[in-house]
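Enquirer: Given next are the chains, with one letter for each unit.
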Amino acid sequence: MKTRREFLRSTILGASATWTVPMFVERTFADLHMGARDLATQGVTGKDGTILVVLQLAGGNDGLNTLVPYADDAYHSARPRLAKKEKQIIKLSDHVGLNDSMPFLGSMFKEGNLGVVQGVGYPNPNRSHFVSTSIWETADIQNRSSTGWIGRYFDNACTGADPTVGISLNKTQPESFGAARNPGVCLSSPELYRWIHGGGEKARAEEFFASLNSPEDDDSPVDGASIDMPAGGKVGGIDGESNLAFLERVAMDARVSSAKILELAAKHRTKVNYEGTPIARSLNMVSRLIAGGMPTRVYYVSHGGFDTHNQQVNSHDRLLGQLDRALKSFFADLKAQGNDKRVVLMTFSEFGRRVGENASAGTDHGRASCMFLAGDAVKGGLYGSHPSLTDLDQGDLKHSVDFRGVYASVLEGWLKTPAKPVLKGDFARLGVMG
Amino acid sequence: MLPAAPDEWTIQEAAHLLRRAGFGGSPAEIASFHALGRYRAVDSLLSPAEPVDAFVLPEWAKRETAAAEMRERAVAQREMRRSMQDMTPERADRTRREFNQQQQRLYRQRGVEAQGWWLRRMLYTKAPLREKMVLFWHDHFASSIQKVRQPVLMMGQNELFRRHATGSFKDLTHGILKDPAMMLYLDTQTSKKGKPNENFAREVMELFTLGEGNYTEQDIKEAARAFTGYNLNRQNGTVFHNRRQWDGGDKTVFGRSGKFDGDDVIEVLFEQAAAASYVPRKLWEYFAAENPPEEGVAALARSFKAADFQVEPLLREIFRSQAFYSDKIVRNQIKSPIQFLVQMFKELELESPPHAYTVSAQQQLGQVLFTPPNVAGWDWGKAWINTNTLLTRYNVAGFITKGSQETPKPARNNGDDSMMTMDDAGMGMDMQMEQMDRRQMRVSNQLQRAQQNWDGPDYEKIAPRPLREDPEKLVDSLVQRFFQTPLGAKERGAFVEYAVSKKGAIFTNKEVGELCHLMMSTPHYQLD
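Top to bottom, those sequences are chains A and B. Mapping to the UniProt record's numbering: the first sequence position 125 is 125, numbers consecutive. Mapping to the UniProt record's numbering: the second sequence position 286 is 286, numbers consecutive.
With the Cβ distance kept under 7 Å, some of the chain B side facing chain A (calculated, not the full set):
1. 187
2. 192
3. 195
4. 197
5. 334
6. 385
7. 388
8. 390
9. 395
10. 494
11. 498
If you're looking for bench data, these hints aren't it; they were derived computationally from the structure. Glycine included, each C-beta is placed from N, C-alpha and C at the ideal position.
Build out the structure end to end from the sequences listed, making use of the hints.
Expert: So this is what it looks like as structure tokens:
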């Protein structure tokens, strides 16, 4: 796959032979040619590299009904209508068990490929969905970073990589992808991920299209800055980047990535059956892109609906069941491809719920919750200690594991990069990645 | 007060105001708007002649019809329950399911009608600022039809926004507390004495009036007690305060104590300093630019407070200000998907855009009317744009400019395609995802039908034959239509070269359509 730089060098100059190429562009390309030499050291995966799939449970997943402290009387008395009985769980220890809507994760745990981190949170938690999501995505509890933790990983460890180093299977870009240089790409459907020209004389129109969607700026320095434009941040761009510069960069990334993604996604047809739920289809697409050989290191998918203020039981169990069945298909698919050893999946949610149920048979915004790490490379088991249900802070669980420690474990143990520059601090690693 | 600009203005400034305070217009509309002068133009936006009820509601959304229908449904439900007593459990279950499915089908169909009704209103209204403000309030006090379910309640909320569009923000906030759609969306109707649900209390402070960080968790807990006891009669859509379910004890919110009910708490919220600046900042960001200078926000906050939270004087100040017309602001805002669509339709002077396609396009572009992703509304600005949505914009423009004769059928919405469902998996929703999949299939079918008979714009009107004799003139005329400002030499040069390459014997409508598509398939066109 071509990088932005290679792409610019070969495609535009080639395709626009009928154009008068302005002097500054030629100078820029000459410089890019030098820059392209560092390609050999780029941190893209190749076809054997490790891959992280980040799965967001959006809305604040109720950790207590996901990883159930079934042996704790305080749990049952705090939740007269919501509590899971002992026969409604899959026991993981003599204290906790999984909600029995998740039989596949239960079997993964028994096989030693599921790490369950208990009591995950951060100091002085914020109960706003939006602020807390932002804190998890930026890995900055002050919530002042304009870049995301995954984006900083791209910037630090994947210099020179293709824009598809990160792919979000969302229509919107996750804040965690916000980067100074390469924020990854978003797509929702490979079939539509291209410029559809139609009509006659297609090539000619597409050539004009290409030139109109290539950033060129007479005022820009000749060192290629207009092409390797900074990007990312809260809403996809950093301070100082004009809207036009931002649009031009995204247009370029779309052009560079679309042809390849379309081609690769069409290559692999899975033989594994997936449900029609959004999360299942997202994971299906991830598996197809992995099978096709994308150089992507981090995929991001989202499973929503966890804001269960009202009549929680049915909706929460249903969501967990959808998650479980989607993961079952996904891991079976990876295994059939022979890619199961290359992939680790990590879940997160912005916060857990209150310990006590509310009047609407639901739960309100709380604090600590659990995270799952799944995959062949994961050292399965329970991590951290389950928070006490009686020693509470304003009705909320106290966290025992900082989520940035989980990120650090994944960054160092799986993506093989020093965590400190990405997380801007030292956080204790768990043994979950071996 | 922000320093004001003079009455005299350029046509570029007029086009800018019409784009931001409305949805742009055709060259003729912009010219007559410009002729009013700046001040009268602003006044015409703020005091439109068009009455609030100028557009006839769909029959089901009218108050009387809706009430009668709710009564009928209650009767039908009672009868169903009675007949179910004699049934086997399986049969009763099936009967209930069929009843619910029928209801869902009706709601879905009406939801699409509601989306079409509002979008057409945006397109044809002579009071564009009012509709732009309804969209602002819909984003500010966001609730989604996916949770609320009953389209009639969403339409009721839409009418509430329209009545208060440029009126008192405080009155509107009191109204939203007792708005049926919002009550269902934030579970207010189930919050009872002793076990309050904090959802509304939190969002009214964080998202509606003060902004994050301007309250404590204790304020939320206390306020939640005051917001108990508001009940919604689902049979007739009326809201009442049930004193028995209301926590009548003393509460302390922002240091003020009393036996508060919901309205009392809202009054306390408006006494907080943050209430004066929160909405003015958002309005500036909505109409002008993100990250406004603090002194500008402070000036607007003073005006807002002095006007007792009336929106109209605030908007007048913004639209008359010098700052609003500065180079940094003009053509430097990323169009929202709704803006992109409505403005494109106006620029292409479409009599009647392909309706089903328009609904589908909203989904693909990331902004569906009546369906914000969560209670914080949509993320604006750069958040509208990523590789996916940018390509989609280009392709939507391709279909609209060329019609079904010229465009190949886009990829079918097969099982691998999750175009709309990703966003639907946003936060705050407790929805039936399986139903979303079926809905997606149906929208896809509608889309295919729409595509078979969309003829595209009337290019004889947009690009009259004599104009086509001279490619440079043709390009300049279309650039004026789509950008309302001269473009950089590179872009103009590319369009001219393309036009020249097409000139040949005849410049047919097909070539004009391609040129329009090319102009819209650019980063520049995404800016307003």
